[in-house]
Amino acid sequence: MAAISREEVAHLARLSRLAVTEEELDTLAGQLDVILQAVAQVGEVTAADIPPTSHSVPLTNVLRDDVVASCLTPQEALSGAPDAAEQRFRVPRILDEDVAS
Amino acid sequence: MTTTLPAYDEVVARYEPVIGLETHVELGTNTKMFCGCPTDFGGAPNTRVCPVCLGLPGSLPVANRAAVEATIRIGLALNCSIAQWCRFARKNYYYPDMPKNYQISQYDEPLCVDGYLDVEVNGEPVRISIERVHMEEDTGKTLHVGGATGRIHGATESLVDYNRAGIPLVEIVTKPIPGAGAMAPEVARAYVTELRDVLRSLGVSDVRMEEGSLRCDVNTSLNLPGEQWGTRTETKNVNSLRSVERAVRSEMIRQASVLAAGGRITQETRHFHEDTGDTTSGRSKETATDYRYFPEPDLVPIAPDPTWVAELKAALPELPRLHRRRLQQEWGLSDPDMQSILNAGAVELIEATIAAGATPTAARKWWLGELSRRANETGVELADIGATPVQVAELQGLVDAGKLTDKLARTVLEHVVAGEGSPAKIMADRKLEVVSDTGALTAAVDEAIAANPAIADKVRGGKVAAAGALVGAVMKTTRGQADAKTVRELILERLGVQG
Amino acid sequence: MTDLTSFSAAELAGLVARGESSAVEVTQAHLDRISAVDDRVHAFLHVDTEGALDAARDVDSRRAAGEPLGPLAGVPVAVKDVLTTKGVPTTAGSKILADWRPPYDSTIVRRLRAAGTVMLGKTNMDEFAMGSSTEYSAFGPTHNPWDLSRIPGGSGGGSSAALAAYETPLSIGSDTGGSIRQPGAVTGTVGVKPTYGGTSRYGLIAFSSSLDTPGPCARTVLDAALLHEVIGGHDPLDSTSIPAPVPDVVAAARLGASGDLTGVRLGVVREFAGEGAEPGVLAAFRAAVETLTKLGAEVVEVSCPHFQYALPAYYLIAPSECSSNLARFDGVRFGLRVGDDGIRSLEEVMSATREAGFGPEVKRRVMLGTYALSSGYYDAYYGQAQKVRTLISRDFTTAFDQVDALISPTTPFVAFQVGARTADPYQMYLADLFTIPSNLYGGPGISVPCGLADGLPVGLQVMAPTMADDRMYRVAAALESAVGPFTPPAL
Numbered sequence: 001m002a003a004i005s006r007e008e009v010a011h012l013a014r015l016s017r018l019a020v021t022e023e024e025l026d027t028l029a030g031q032l033d034v035i036l037q038a039v040a041q042v043g044e045v046t047a048a049d050i051p052p053t054s055h056s057v058p059l060t061n062v063l064r065d066d067v068v069a070s071c072l073t074p075q076e077a078l079s080g081a082p083d084a085a086e087q088r089f090r091v092p093r094i095l096d097e098d099v100a101s
Numbered sequence: 001m002t003t004t005l006p007a008y009d010e011v012v013a014r015y016e017p018v019i020g021l022e023t024h025v026e027l028g029t030n031t032k033m034f035c036g037c038p039t040d041f042g043g044a045p046n047t048r049v050c051p052v053c054l055g056l057p058g059s060l061p062v063a064n065r066a067a068v069e070a071t072i073r074i075g076l077a078l079n080c081s082i083a084q085w086c087r088f089a090r091k092n093y094y095y096p097d098m099p100k101n102y103q104i105s106q107y108d109e110p111l112c113v114d115g116y117l118d119v120e121v122n123g124e125p126v127r128i129s130i131e132r133v134h135m136e137e138d139t140g141k142t143l144h145v146g147g148a149t150g151r152i153h154g155a156t157e158s159l160v161d162y163n164r165a166g167i168p169l170v171e172i173v174t175k176p177i178p179g180a181g182a183m184a185p186e187v188a189r190a191y192v193t194e195l196r197d198v199l200r201s202l203g204v205s206d207v208r209m210e211e212g213s214l215r216c217d218v219n220t221s222l223n224l225p226g227e228q229w230g231t232r233t234e235t236k237n238v239n240s241l242r243s244v245e246r247a248v249r250s251e252m253i254r255q256a257s258v259l260a261a262g263g264r265i266t267q268e269t270r271h272f273h274e275d276t277g278d279t280t281s282g283r284s285k286e287t288a289t290d291y292r293y294f295p296e297p298d299l300v301p302i303a304p305d306p307t308w309v310a311e312l313k314a315a316l317p318e319l320p321r322l323h324r325r326r327l328q329q330e331w332g333l334s335d336p337d338m339q340s341i342l343n344a345g346a347v348e349l350i351e352a353t354i355a356a357g358a359t360p361t362a363a364r365k366w367w368l369g370e371l372s373r374r375a376n377e378t379g380v381e382l383a384d385i386g387a388t389p390v391q392v393a394e395l396q397g398l399v400d401a402g403k404l405t406d407k408l409a410r411t412v413l414e415h416v417v418a419g420e421g422s423p424a425k426i427m428a429d430r431k432l433e434v435v436s437d438t439g440a441l442t443a444a445v446d447e448a449i450a451a452n453p454a455i456a457d458k459v460r461g462g463k464v465a466a467a468g469a470l471v472g473a474v475m476k477t478t479r480g481q482a483d484a485k486t487v488r489e490l491i492l493e494r495l496g497v498q499g
Numbered sequence: 001m002t003d004l005t006s007f008s009a010a011e012l013a014g015l016v017a018r019g020e021s022s023a024v025e026v027t028q029a030h031l032d033r034i035s036a037v038d039d040r041v042h043a044f045l046h047v048d049t050e051g052a053l054d055a056a057r058d059v060d061s062r063r064a065a066g067e068p069l070g071p072l073a074g075v076p077v078a079v080k081d082v083l084t085t086k087g088v089p090t091t092a093g094s095k096i097l098a099d100w101r102p103p104y105d106s107t108i109v110r111r112l113r114a115a116g117t118v119m120l121g122k123t124n125m126d127e128f129a130m131g132s133s134t135e136y137s138a139f140g141p142t143h144n145p146w147d148l149s150r151i152p153g154g155s156g157g158g159s160s161a162a163l164a165a166y167e168t169p170l171s172i173g174s175d176t177g178g179s180i181r182q183p184g185a186v187t188g189t190v191g192v193k194p195t196y197g198g199t200s201r202y203g204l205i206a207f208s209s210s211l212d213t214p215g216p217c218a219r220t221v222l223d224a225a226l227l228h229e230v231i232g233g234h235d236p237l238d239s240t241s242i243p244a245p246v247p248d249v250v251a252a253a254r255l256g257a258s259g260d261l262t263g264v265r266l267g268v269v270r271e272f273a274g275e276g277a278e279p280g281v282l283a284a285f286r287a288a289v290e291t292l293t294k295l296g297a298e299v300v301e302v303s304c305p306h307f308q309y310a311l312p313a314y315y316l317i318a319p320s321e322c323s324s325n326l327a328r329f330d331g332v333r334f335g336l337r338v339g340d341d342g343i344r345s346l347e348e349v350m351s352a353t354r355e356a357g358f359g360p361e362v363k364r365r366v367m368l369g370t371y372a373l374s375s376g377y378y379d380a381y382y383g384q385a386q387k388v389r390t391l392i393s394r395d396f397t398t399a400f401d402q403v404d405a406l407i408s409p410t411t412p413f414v415a416f417q418v419g420a421r422t423a424d425p426y427q428m429y430l431a432d433l434f435t436i437p438s439n440l441y442g443g444p445g446i447s448v449p450c451g452l453a454d455g456l457p458v459g460l461q462v463m464a465p466t467m468a469d470d471r472m473y474r475v476a477a478a479l480e481s482a483v484g485p486f487t488p489p490a491l
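Chains as they are written, first to last, in the working numbering: chain A, 1 to 101; chain B, 1 to 499; chain C, 1 to 491.
I should point out that these hints are in silico values taken from the structure, not numbers from a laboratory.
Below are the BS3-like pairs computed for lysine-lysine, each with C-alpha atoms no more than 30 Å apart in a straight line:
(1) K431/B - K407/B
(2) K365/B - K485/B
(3) K425/B - K476/B
(4) K95/C - K141/B
(5) K86/C - K141/B
(6) K458/B - K476/B
Note that the structure is a prediction, hence the values are computed from the model and not measured.
Kindly generate the complete structure, drawing on both the sequences and the hints.
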């Protein structure tokens with residue numbers, strides 16, 4: 001049985017903001033299936049009581065003093081922008097009013 | 001929908017509301033949450049940005065100690081437990097005001113948990129349970145261009161300024177608050193008010209709702225008595241204390257009308273509109289993004305040293321509720337008197353006025369009298385009226401010294417509010433000082449007597465009441481700047497009559 | 001005079017310091033070499049001729065003025081195109097950054113400049129460091145100087161091929177699952193993945209933040225150590241940077257070069273010494289083990305039972321982090337934008353931009369990671385992989401109770417033909433089978449040439465405990481002193 005369906009791959013592409021083509025979807029579905037079957041091996045390990053590792057360095061409380069540092073100039077900040085206007089980054093109209101916080 | 005909305009009384013007679021509040025506070029640190037860019041307000045677009053808060057490839061965050069400390073202090077003030085160990089998490093979603101397309105926040109390991117805040121609603125104590133207090137970063141600001149109203153719909157393009165991106169935010173989330181009944185809107189308002197006062201007393205934020213440094217989302221649901229809690233909506237964009245109350249009330253009424261018509265409430269985000277007092281539907285939560293939270297690998301865990309937490313706890317200022325109770329005793333006020341001060345938002349103003357030298361009675365008189373009246377008339381917050389506690393104390397000092405009459409003092413205050421400077425300066429500039437120079441006053445009295453011999457004779461003849469006309473004449477020549485009582489005594493003295 | 005490109009970095013630094021060669025001469029010799037061979041090797045994406053000569057002139061004038069010079073002053077270095085360089089193109093091998101000139105320097109590049117090294121340019125790589133052959137570069141593959149029809153490894157194939165082609169004596173790479181060590185092995189050069197946190201990630205375009213480790217590449221162990229010393233050490237701009245001095249890797253390399261490993265206990269990882277590697281690789285590895293024994297090392301076999309799960313765990317953790325790290329490439333603040341025709345919405349433009357800007361391997365990993373982090377799958381995939389990561393680290397610490405360092409072949413196979421493994425992505429992943437465990441654990445690893453198989457280089461990997469980078473330098477330098485040198489055929 002396939003680990004992932006073509007529909008799920010299409011959904012992942014949308015979530016990942018990738019406008020993949022139909023042919024690509026076919027290829028990707030097959031490839032992701034092979035990869036997922038292989039990586040699913042992690043499930044063979046008995047690890048219920050094992051704490052997860054998110055960081056390999058044993059550091060905590062790395063904090064910065066609240067002191068102002070130098071900023072970029074607006075010219076530097078906007079230097080790589082594909083489009084800018086009024087010293088701001090210009091983007092096409094936004095469809096989705098998806099504001100989280 | 002053309003359905004008539006039910007009356008609020010009918011709503012609360014039939015349904016029980018459950019509310020919850022999520023409050024975002026912009027901290028008043030010098031620098032952003034994860035970089036050294038300044039947080040000051042109102043710079044030209046994209047002038048307070050660096051590779052980190054612009055999310056440029058390769059840049060990395062480093063957490064601001066002052067922001068972590070402020071969050072712990074907020075947690076302590078809200079009686080929370082402080083986590084011994086917690087991590088930041090990435091909240092993944094795409095939006096152009098978020099430079100990295102993920103927000104660094106906290107997910108299942110908030111810095112502070114399980115607290116409470118005691119508030120008073122109409123003199124009755126209510127305990128609001130706090131679920132969590134966590135740290136995150138603010139987004140940039142998007143300007144929608146081409147639409148009729150500057151809103152997102154109908155806009156042809158948008159312009160993004162990242163000055164605000166990365167400013168430290170603390171999110172404070174209550175547990176669901178059932179049982180408030182008809183008082184739910186007032187409870188919501190009282191909570192946000194008290195929270196604002198606590199945050200202000202901690203000095204962690206300027207807590208200005210209008211400027212967005214304190215932002216509130218209100219969750220509301222209704223259920224029939226004895227039944228499970230209903231589906232909740234989340235109302236965003238609630239930007240004043242008054243709006244908090246209105247948003248809860250209007251959402252309760254709206255939900256009741258949907259339920260009464262046999263409809264069902266959709267779990268969704270709604271937007272509050274200050275102008276109409278209504279909420280309108282935003283994004284439906286049922287189709288909401290999966291945020292794919294995972295521990296932020298670029299930041300190491302926060303494990304506050306218990307000694308540090310104990311030090312912060314010991315150094316907390318007196319919290320507003322206790323502070324108010326102490327003030328009430330010191331000022332010798334009755335509960336209703338204190339309540340009227342609270343309702344006017346005048347506690348700190350009066351306190352500062354007393355600190356600047358006025359008596360409690362005088363301070364209360366000015367702030368609850370003349371200044372409150374003006375604030376109501378012009379629709380501004382008392383604190384923003386334009387007169388400072390120091391100026392009010394100075395004004396009262398001038399009255400006490402006999403340099404201003406009560407009436408003159410009110411005139412001076414008008415000019416203070418208009419921004420003309422200190423009371424003493426205004427009094428001098430506008431020559432409003434009481435004429436206390438006896439020589440000048442005697443001359444004015446003699447002049448009045450000479451000009452009105454008939455009246456003077458009547459007074460000499462024992463009709464003391466007739467002296468009022470002479471007083472009026474003197475007041476006229478001194479342009480009201482003499483003390484009427486003094487003038488009267490002087491007239492009688494000059495006419496050889498006992499007062 | 002012998003061609004300046006044939007010298008080691010240590011020798012070149014000496015020539016410049018003594019005034020026997022100017023930094024400009026050294027730099028020009030390498031720029032000339034690049035002009036002569038790079039059309040065939042394609043190690044460089046960008047050669048900063050003017051910047052390099054300016055930096056060289058600066059070193060020469062400072063020397064003339066009697067100012068003190070750093071230990072590598074005047075020595076050329078090539079930088080993997082994944083590190084930001086202010087005003088100098090930085091692409092991460094991706095079309096999505098084809099025209100990007102960062103407004104800031106990465107910490108490593110800043111330290112390289114401060115040390116007086118001369119940056120020649122930026123080297124080719126698999127797009128966003130995802131790959132093991134440099135074939136996933138959006139700008140065409142790099143070729144292995146040992147055989148131009150073969151791959152130079154990856155993702156940092158450009159940095160290693162540039163060394164093997166004598167275009168530079170030093171280069172910088174980044175190693176997330178083996179991207180420094182594996183190219184080092186297949187090009188017959190030295191590649192070092194330092195302890196995670198031992199070198200700053202500030203300005204390193206992130207692939208997988210909890211694994212990415214920049215490090216030095218060179219033709220000799222001593223040169224790698226000298227470069228390591230220059231770029232390593234605490235950086236307050238990287239929260240995961242370890243606030244401790246760099247282990248004394250230069251002294252360790254010099255000590256190892258004496259060829260005496262008496263008292264050193266080495267562990268052969270049983271799980272990596274049998275199956276999974278080509279016979280020629282295993283033969284060269286076994287010969288190297290014998291050599292190490294002759295040098296005085298005590299070699300024992302140790303078992304690391306969870307290493308077999310390192311590859312699957314890695315291919316969950318790295319894609320998960322990358323799916324989030326690469327979200328910022330959206331055509332808003334920098335880089336490519338596609339399809340902005342005044343009609344399409346931001347969402348459509350963003351999706352079109354990412355579709356056009358990312359290559360197939362990047363898309364696969366972004367989607368795989370998005371999947372592994374989704375609610376409903378998180379616990380079974382990402383969460384479980386993090387637990388396996390803990391077990392792999394425990395295997396390391398148990399092993400280091402018994403031995404000073406672990407050894408294995410660096411990679412299961414020698415350089416393969418261009419195109420041989422692109423059809424099946426998972427076959428490509430196997431190239432990092434032996435290097436991935438160190439990344440999951442965070443400890444350092446080095447690949448040092450140990451022999452040839454069918455005329456192609458084979459690397460030996462030495463893995464050490466975290467912050468004990470010096471141990472592996474000593475072992476690698478001893479082996480280097482006893483075998484080789486391995487010089488590719490003339491180009």
